[in-house]
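Fit chains B, C, D, E and F to the given chain A structure using the hints.
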Amino acid sequence: MLAKVIFLVFGMISLALLLNLWSLLRGPSLPDRILALDTMYINSIALIILYGLLMGSPLYFEAALLIAMIGFISTVAVCKFFLRGDIIE
Amino acid sequence: MSHLILLPILLPMLTALLIMLPPVHHSPDRRRWLSMASTLLLLVMSVWLLSQTLTDGVTFYALGNWQPPFGIILLADTVSVLMVCLTSFLALGAICYGSAGEDERGSFFHPLFQFQLMGINGAFLTGDLFNLFVFFEVLLIASYALLIHGGGKNKTKAAVHYVVLNLAGSAVFLFALAILYGTLGTLNIADMAQKISAVPAEDIMLVKAGGLLLLIVFALKAAILPLQFWLPATYASASPPVAALFAVMTKIGVYALLRVYTTIFGEHAGPLAGMASAWLWPLGLATIVLGAIGVLASLDFRKLVANLVLVSVGSLVCLVAIGNTAANSAVLFYTLHSTLVTAALFLVADMIALQRGKAADRLVSARRVAQPVLLGSVFMVAAVSVAGLPPLSGFVGKLMILQAVDSGPAQIGLWSVILVSSLLVLIGLSRAGSTLFWRVSGQPANEDKAKPLQVFAVCWLLSASVALVAFAGPITALTQQGAVQLADIPATLSIILPAAGATP
Amino acid sequence: METLFACCIGFLTACGVFLMLRGRTFPVVVGLTMLSYAVNLFIFASGRLNLRGAVVLGTSDNYADPLPQALVLTAIVIGFAMTAFLVILAIRARADLGSDHVDGKLPGQKHAKREPRQ
Amino acid sequence: MQHWMEWAVAFFLLLGGSFVLIGSIGLVRMPDFFMRLHGPTKATTLGMGGILLGSIFYFSLSPDSISVHELLITLFLLITAPVSAHMLIKTALHHRLQAIERTQGEQELKRGQAHASKEGNRSGNTDN
Amino acid sequence: MILAWILLLPLLGTLVPLLAANWRRSACALATAIPPAIALMLLLYHGSAVFAGETLRYTLGWIPLLGLDISIRLDGLAFLFSLLILGIGLLIILYARYYLSEQDSMPRFYAYLMLFMTAMMGIVLSNNVLQLWMFWELTSISSFLLISFWWHKSEARRGARMALAITGAGGLCLLAALLLLGQITGSYDLDVILASGAVIREHGWYPLVLVLFLLGCFTKSAQFPFHFWLPNAMAAPTPVSAYLHSATMVKAGIFLLARFYPAMAGTDLWFLLVSITGLTTLLVGAYLALFKHDLKGLLAYSTISHLGLITLLFGMGTDLAAVAGVFHIINHATFKASLFMAAGIIDHESGSRDMRKLNGLWHFMPITATLAMVAAAAMAGVPLLNGFLSKEMFFAETLHQHLLGSLSWIIPVLATIAAIFSVAYSMRFIHDVFFNGKPKGLTKTPHEPPRYMRMPVEVLVVLCILVGVAPGYVIGDLLQAASFSVLGGTVPEYSLAIWHGFNLPLLMSVVALAAGSLIYINRKHLFDFQNTLPGVDALTAFEQLMAALAKRCQQFYNWLDNGSLQRYMVFVLLAIIVLAGAPLLELDTLFGGRPELPVDAVNATGAAMLLISAFATVVFHRQRVVALLMISVVGLMVSIAFTRFSAPDLALTQLSVEVVTIILLMLALFFLPHKTPKQSSPTRVLRDIGLASMVGVVIGSISYAIMTRPFNTISDYFLANAKTGGGGTNVVNVILVDFRGFDTMGEIAVLGIAALGIFKLLTRIPVFKPSSDGEGRPWARERHPLLLATVAQSILPMALMVSVFIFFRGHNLPGGGFIAGLITAVAIILLYISQGVDWVKARMNIEYQRVVAIGLLIALLTGLASLLFNRPFLTSWFDYFKLPLFGEIELASAIAFDLGVYITVVGATLLILASLGKMTTSHRPTHQEPT
Amino acid sequence: MRMTPRFSWLPTPYRSLLLFVIWLLLNQSLAPIHLLFGVVLALFIPYICYRFRDPQPLVERPLLALRYILRVFADIVTANAQVAVLILGPVHKLHPAFVRVPLDLQHNLPITILAGTVSMTPGTVSADIYPCTEHLAPDEPLPQRWLLVHVLNLEDEAELIATIKQRYEAPLKEIFKC
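These protein sequence lines map, in sequence, to chains A, B, C, D, E and F. The first sequence begins at 1 in the UniProt record's numbering and counts up by one. The second sequence begins at 1 in the UniProt record's numbering and counts up by one. The third sequence begins at 1 in the UniProt record's numbering and counts up by one. The fourth sequence begins at 1 in the UniProt record's numbering and counts up by one. The fifth sequence begins at 1 in the UniProt record's numbering and counts up by one. The sixth sequence begins at 1 in the UniProt record's numbering and counts up by one.
If you're looking for bench data, these hints aren't it; they were derived computationally from the structure. Each hint can be trusted.
With a straight-line cut-off of 20 Å between C-alpha atoms, the simulated DMTMM-like cross-links for lysine to aspartate or glutamate are:
(1) E:551 <-> B:300
(2) C:105 <-> E:561
(3) F:93 <-> D:32
(4) F:165 <-> D:108
Quick partial rundown of chain E residues pointing at chain D, CB under 8 Å, derived from the structure:
(5) 780
(6) 785
(7) 787
(8) 788
(9) 791
(10) 795
The structure displayed is predicted, hence computed values, not measured ones. The beta-carbon is built from N, C-alpha and C at its ideal position, and this holds for glycine as well.
Only chain A is shown next, with the shape it has when bound in the complex (with noise of 0.2 Å):
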């Protein structure tokens, strides 16, 4: 049972992602496009949680934690950006 639910879960994250990738692809602002790609950060570490589940095994961690701590440095870099223009001043 635990391995449908699984693949059921793993459909609903690749629908997100995908949807993700929709909006990032139509925009239609550039906030609009940042914010889908940092939806899609996120949605990815579930990605790889479901992968280690799948694998049973708990390598996929840190690769899921460090999306979690440093992906949205790109997002907030970007922002900064468009604030800004200069991100380190």
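Here is chains B, C, D, E and F on its own, set in the frame of chain A:
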């Protein structure tokens, strides 16, 4: 196991790091002296290593004590160590020239210079293909940084082209490496040589694709037509000591060609043997022709010298394509000669440019140089040597090239191209020399005299040209030995991979 | 799976190459980045694909080829260093030459001219 | 016990997956940027929490190990998600993105935009 | 060894004038003369042996590999030439002492002259053809220096360059010929080659060799059609002309003809090529000489003509002709050297060489005039002078050959015509200069030269007369010995008597003298006729040719290399397509037999996202920020792919590098335009798409082919030894820090160097600092958003904690120094982003380049530590320790190495990003501040 | 309100505690070696990070803080459920709005926590805090600050403001005693 072979790589690295740290870091003089002293030490050590290699034959050094083919090895044979000696000899001249003031025109000159040496020596010594890539990158990134030393529009512009092309080259290198690893399952050059004879027939073409991709990489580094476009602008715009050091960079490409295509794709490689020659031969000839044309077309002297580099590269590539012992021996000798002499020419060009005021090294009439006798003499010596005229080393090199080819159509092609290009080079150089020194406008010469260290540097490099002739007998014997050793793959394999059986 | 993977590598390469052929520095940088993704995947693929392999001893009985992974790591780092250098060089070129064209001047323009400041 | 845990895992995973999906659906469905922002910041974060809980339970199924480090991911997400949202909305204000017409508090939006893009003079911003 | 000194002494003599540079002029000249004088004595010392028919040899090994030895061979011919070179050389030294003015650098002149003398001696004494060629080229170089001695004169520079180009070209032909000869005979030894004449002549390459050989000779000896460089070399100081164009340089070609006579001559081809060239040159030179108003010009063409004569003699192929040739070499050297010197005296003392101005000098310098007249008479072939004798022999030989069959009569006729002109120009030389009224428009009053300046001329003229009167006594032996070596043993009977009775040659001489006088008297008509012909100035023509060549070269070069990086890239890509694609076409099937893994929906989705985002990056590449967002999706998907295919280390690295790259690119975009203008034409885009897709197809196919093939690799060794040999269970990490730690050291060095380079790039950079974004919006006012700042401060310790964790687990589980370093760096960068450079700098003022250096040093020293234990560099060490209470812990040297990696990465990343960020900290233009 | 730490070697005790927990979570182990290492790191890292921290009020009521955290967690779950319904429900029925909440808090850390909480809980996202104070001179008095909030579906503005102020701001004021 002697650790001596490590020194050409680690000594420059250590020097670079020490220069970046206190107490050396803050004093320009300390940086200079440490850098020069270390380079001198490097030269002594490389010569020592050479003498050791001559007595011991091929030896290897297993880094981390992991035996080949699993670990990375450094390979000391006559060819690689000779190249290291060449590099350190050249570097001493370049660093002395740079220490006369050029080094203060930007930051980190000495560390970058030493890193570059590390990369070059590493590329010469390594016996592992991926490690070769790493050292290529070391020397490339250092060269990118050195290229912009001193600043200026021309350098920036040249650097953009140089960097982008070489990055593309690096990507190709990685593709090639992956293909070779994916088919042969190893990274050690000797091990590849051994495994290539056992490649299943359906994989042969993949190996060939990988090997030919490597050819692109090395051709790009060596600046073979049509991948030579980056060279003239890069060499002509680089700061003089850097340009002098760059003189050995194209030779690394040639060396890599020599190493890879004799060791991996040598005669034992069955259907893959000599696959590069078919490409190298015509392209090498065309490179010579293009270089000669460029010599005539050049409007400033440094560009002319850069084109001379092309001529020498073309000749070397033709020799690599010929691939017999005589040719390989000629490759070694001609590399020694052409590297040092073109390096000297770059330095001479700068000394001339500095004294000619605004005209710099452009081939137009300008004020007279302040030290006509000195500069004229060094120019003359360098020009005679590079044009392949007697009595300096160029003519020995040219004779070796001409004698290396067996009779037949190849002979006609090579001879006519070499001889005609020699003539064009001669014409171009005589034109350049007479313009630079003799077509003077009325303005008085300015007072900027060349610094003693600069003069020493040039004389140091040119003395090599004299020495190469004076001791041509022993040196050609050395290069011959190197060529024989290079071609003797079974012997090398039996040393590196004794367990695996020596017959490839 | 291999077909799909190869298609991805090929497509990434093509996109990277196309961008590298553009005339401005920034697309070239982006193209190079893309190309290095392709290269990394390519090297990785040279160790063959393995869905359930491990590279940590003791976690599985089926091991992936660790060597290409190590090579890719090296390649990533070197690629990063190179990209960084190129990016800064692009800034420098724009500042020095007045244009972000890779040749430092627009095609057909004889000499580099400063672009009007924004 | 085992069985119960499996159910829990399944429940949390499904819950998480649904919320993740809902967050992304919100991203696509909502009519303006400000409304789109809500889905990913909230629903997705919760969804992640669900999936991570599922993972914790799953790895704790085997007797000899417990897995709690997924909590860290949740922690980080909780810290970072508001910041991303904040920066994004600031950018949107700066870019003067228009909210849909029925949005109330138009003057607050205007004020926010004016503040963000420095158009008003310095002293004008310190009123209210 | 004494033989070697004959060659060595002039070489050492090159240095003498340089060392004596500060001496008085006479002393300098004297010192310079000593080495050649000694050499001459040594030569004469060997005279008896040579006259006895011996060939003296001396060999010293030099470059055995090339067959190039220092090898000296003194036989009759070499002796003769050495005598001329040293003897006339000594006279020239004396002469030049007076000729050169105070402004000319005498040491330099003498040094060049001695260098040239060495080169000539080298040619004539060589017993190794490669050595011969070496000296041959040296003459070209040294003559270039001599001709251009007065470099400030344009014609001197150009003349010298032309001479160098022509003789250089000839030299290269000669080299080819000599190398071919060496291949034919199997030796570069002259003895061997001369002894293998039959082999050479019958060899298939003989025509080629001969043509190349003759090209070398003819260019050097100024034979038609390569004669034009010689008159233009007259821009040299007269001593140079006297030396080079009488006895040495131009005779080198003749010498070669004589030297290789036994090996090459005796075929019809030889006869045709050599004699016809000689004959043409003889006629052309003689004819043109008459019209030259410049004294030296006249002599130059006369030289050409006489060289043609000698060449013709060697071309005729009979033994007697060869003897006559040798004889004329001697005679021409003596009278032409003296004539040049006389011309120099005239020039020196009257200030002009123009025969239209120089008239009636007899009154001013009677002695010189007498000497010149004697020498000119010798040139004209007046009896009782040496020129007459060899000319008689020449006439006789022209009559005795039948090689042209029924047309053979034409040769004596043409020879006579040439002789007629020879007489005419000789008369012109005498009459126009010394008589014919008074000088016109001279700047100074002519007078006799200093005593010793005239002496060399006197010596030579006396020789002319002595040879002319008593040839047998004076040079009989010498001629005999020289002919002996030219002919290789069999010297024919010949008579050196002055009087052979009334015969046809005598008649020809008489005709020549009479007709010559007649032509001279009626020269006005001929001059008028000549003036109607279009005159071509060889020098201008040559310069134009060279300029045109250079221009063509430039055009070609610029056509090929238009300075466009895009074109260069295209070549690289084409190379990839051709070189990597061609082997693929030979594959029957790409599929290699390894079964494919199944595709599931999730993987397909991932792949689709990768492809779409890659495509979107291309589509959006003009909007740079969007492209950046798209490519980060690509990066994300690649990382996920790495995760999927069991490479967690790669995923971690890729992710962290990804973030740093994006920050970097954002930083960069501030200084770059935000949009890419549309520039490529549709065809260009189409071409690029074509190229790109071809490259993609090639790479993709190769990748597919590799992946589907079974495979043996060395990796099993790593799996087997990671734990036992490297002390870690994460094999990838063990490979990185242990098995292939050297790679990693290089890799972090690259990172460090890149950081240094970037720092270097950013120093003193003149930056654009846009005051608003691409859409014209001014920047937001708030620099450091509050929320971000606060969160960044709290993230930092956690990130450090995580990076410590990642660092330590790296050896056994995914992680390691590199990733840990990036996490730390990113956390600090976040501080930079949220708080700005000044804020961070106030709290942490570290020079990052030093951090980089320390990191690299740690890695290096860790590697070196193993040397202390006499293990190879980077040999790792690890062990397990039992601690009370805490249990077993592992310590490994790899940790120290990884620490170096960590520090380097932190330092390099911060150095890159922070120095980029630092650029704009001060004086940021804002909307409100006036810019 | 206290701004300066009690011990110079332990400037931020709660942060140290948090790090210690993180360390144990990361290692998923209570082995003595990990405990030891965790203590060392939990002391050392905050010590070196302290300089990278602007002066902030310190937590004075830890238990209250814990209660606050738990309450926020509960709110997140419920609020998210609501938002999920809103997202899936008919879009045209939503009443988005911008709302301005006056802030009593003055310091950055509490404001940040408040803003974060608001973003995570009931259909609101904190959009901006203005006016920004970074251009003020150090001795200038802080102006009244506002939190701009975007609400996905506004029912009653006053009630929302009151909720935020009472449910979240008031405890924060208490926790930091400011």
